[in-house]
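J.: Per this note's numbering, the sequence shown runs over residues 277 to 677.
Think of the hints as simulated: they come from the structure by calculation, not from any bench. Among the hints, erroneous ones may be present.
Claimed, not checked - Using C-beta positions, here's what the derived DEER-type ranges look like:
no.	residue 1	residue 2	range
1	Gly518	Asp667	43 to 51 Å
2	Gln671	Ser311	49 to 57 Å
3	Ile353	Asp667	38 to 46 Å
4	Ala521	Leu319	26 to 34 Å
5	Val552	Arg526	26 to 34 Å
6	Phe280	Phe627	38 to 46 Å
Even glycine gets a Cβ: it sits at the ideal position worked out from N, Cα and C.
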Amino acid sequence: MNQFPFRAYLAARVLISLADTMLTVSIGWHLYQFSGNPFDLALVGLMQILPMLGLFIVTGWVVDHYPRNLILIVCAILEAIAYLGLAFSMQDGELSRVVVFSLLFLHGCARSFNSPALQAILPNIVTREFLPHAVAISSAAWTTASTVGPFVAGLMIGWVDFHTYWLLAVLSSLGAVCYFLLPKLPSGKPLGRGWRPLLDGIHYVLASPIVLPSIALDLFIVFFGSVVALLPVYAVDVLKVGPEALGMLRAMPALGGVMMGLLFSRLPPLRHTGNVLFLSLLIFSVSILVFAFSASFWLSLAALWVYGAADMVSVNIRATLVQFGTPDELRGRVSAVNVLFIATSNELGDFRAGSVAALIGPVATVVTGAIMAFGVTFGGYALCTRLRHLDRMDQVAVTGH
277 MNQFPFRAYL AARVLISLAD TMLTVSIGWH LYQFSGNPFD LALVGLMQIL PMLGLFIVTG
337 WVVDHYPRNL ILIVCAILEA IAYLGLAFSM QDGELSRVVV FSLLFLHGCA RSFNSPALQA
397 ILPNIVTREF LPHAVAISSA AWTTASTVGP FVAGLMIGWV DFHTYWLLAV LSSLGAVCYF
457 LLPKLPSGKP LGRGWRPLLD GIHYVLASPI VLPSIALDLF IVFFGSVVAL LPVYAVDVLK
517 VGPEALGMLR AMPALGGVMM GLLFSRLPPL RHTGNVLFLS LLIFSVSILV FAFSASFWLS
577 LAALWVYGAA DMVSVNIRAT LVQFGTPDEL RGRVSAVNVL FIATSNELGD FRAGSVAALI
637 GPVATVVTGA IMAFGVTFGG YALCTRLRHL DRMDQVAVTG H
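Input sequences plus hints: build the corresponding full structure.
T.: The structure is reproduced here in structure tokens:
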């Protein structure tokens, strides 16, 4: 197999992910320094999630209708334009909130098309046999970039301040070059007129005994099991540690995820896939419970490492099942639904954790989240019989629809 297209894809994903995560830290810092208003930080997230919520039906249709490599190139260029706009608008050390939020909205629109295209194109550039390994390597690379990005952003702000956005434009432009190196893909089949082609992805997900449980499990397990938003509270009020230790706590899930993703990419084709998936969800739930009751900093680190590693196993399996279980002509629209579920579950999970902790405290919040995660795991195991009995992931093409 020719590995060059996948390497170009991987390089582009790392570059774009680095730029995206660096943007969140950089613009948050500069906005707060300028206005001192915490609500501006909420608006930064809103400018990213609103386009995804408003455009997800259209984005999937576009990804299935037009060449996916071309969509990725255009998205990377649009992100670079947004970064250049931020760089020009701040070059004198001044900041216009209207300009900043308009450019962030443009960036959010580009990401709304980029994410489903990124998922949908992977089976077009790797062989069916290599797909599970490609998903694992891609997930590990994304996790690494998302972890390193905020750290690099902090350094760049300290060194060059507002000029950080020039670097982001360079990273995104290099990502566009890497996407340009991908093999040229034809346009999709004509999808017809009216609303039905736009909604086919939703209909397919709802009708699939494999894809629907895979996406739904991800939504509910992340919604109830997310603990990352509460790490500052745990560090200060429960573990009684400082900011350096908080950084270690925050890094552990990513470290566990990267290590497990790299291991997963080297394992032979997985057998007893359904049982492995539910076992990883069970271990994920146990790690939340251990973290909830831990008064030891080192035990908390270990629990968070297991939390990230177990999550990476289930993420890889679910992502591969969605790829195998979706026809190529629907992959963009199904990926758009999947991206929407992932984005909303992360945002809502953090909101649930923070709001419930304000009412009943951090420990009780994490304990109840663990109990609900156990409920999702055992409920899914009981109800999702096709998924539970799945042996090899490539069988989804036969049993998934």
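J.: If a hint holds in the structure, say so; if it doesn't, say that too.
T.: Quick rundown of the hints versus the structure:
A hinted range of 43 to 51 Å for the beta carbons of Gly518 and Asp667 is consistent with their spacing of about 48 Å. Checked against the hint of 49 to 57 Å, the C-beta distance between Gln671 and Ser311 comes to roughly 54 Å, which is consistent with it. Evaluation of the 38 to 46 Å hint for Ile353 and Asp667 yields a pass: the beta carbon distance comes to about 43 Å. A hinted range of 26 to 34 Å for the beta carbons of Ala521 and Leu319 is consistent with their spacing of about 31 Å.
About 28 Å separates the C-beta atoms of Val552 and Arg526, a value consistent with the hinted range of 26 to 34 Å. Roughly 42 Å separates the CB atoms of Phe280 and Phe627, a value that falls within the hinted 38 to 46 Å.
Hint check: no violations occur; every hint is consistent with the structure.
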